[in-house]
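Can you build the whole structure from these sequences, using the hints too?
Counting along the sequence shown from 1, when you hit position 41 you're at 175 in this note's numbering, and nothing is skipped either side.
Think of the hints as simulated: they come from the structure by calculation, not from any bench. Be a bit skeptical, because a hint or two may be false.
What the hints assert, rightly or not - Across the chosen pairs, the derived CB separations fall in these ranges:
id, residue 1, residue 2, range
1, 156, 195, 17 to 27 Å
2, 140, 181, 33 to 43 Å
3, 170, 193, 15 to 25 Å
4, 158, 198, 16 to 26 Å
5, 185, 136, 35 to 45 Å
6, 195, 164, 15 to 25 Å
The C-beta atom is built at its ideal place from N, Cα and C for all residues, glycine as well.
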Amino acid sequence: VPMLSPGAGVVTSRGLIRYVVTEYGVAYLHGKSIRERSKALIEIAHPKFRDELYQYCEQTNWLQRPVTAELELAR
Numbered sequence: 135v136p137m138l139s140p141g142a143g144v145v146t147s148r149g150l151i152r153y154v155v156t157e158y159g160v161a162y163l164h165g166k167s168i169r170e171r172s173k174a175l176i177e178i179a180h181p182k183f184r185d186e187l188y189q190y191c192e193q194t195n196w197l198q199r200p201v202t203a204e205l206e207l208a209r
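Right, here's the structure in full:
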């Protein structure tokens, strides 16, 4: 049976990842841009961490938080 030795690292490029599954959903990532991947992954993250993840992505210019109707009316 093929096995990795203890402590061995495994490298997978982002282009090879098609799906990420969490208890909050499934994100299909194949062929998507960094921005699209970021949004898809945030949507399946634990709700407690979504705001923090959006903030990080906004700071790095990977993503802009969607404008809701309420925010648009407040302008």
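These are the hints, each one checked on the structure:
no.	hint	result
1	156 x 195: 17 to 27 Å	25 Å, holds
2	140 x 181: 33 to 43 Å	35 Å, holds
3	170 x 193: 15 to 25 Å	18 Å, holds
4	158 x 198: 16 to 26 Å	22 Å, holds
5	185 x 136: 35 to 45 Å	42 Å, holds
6	195 x 164: 15 to 25 Å	23 Å, holds
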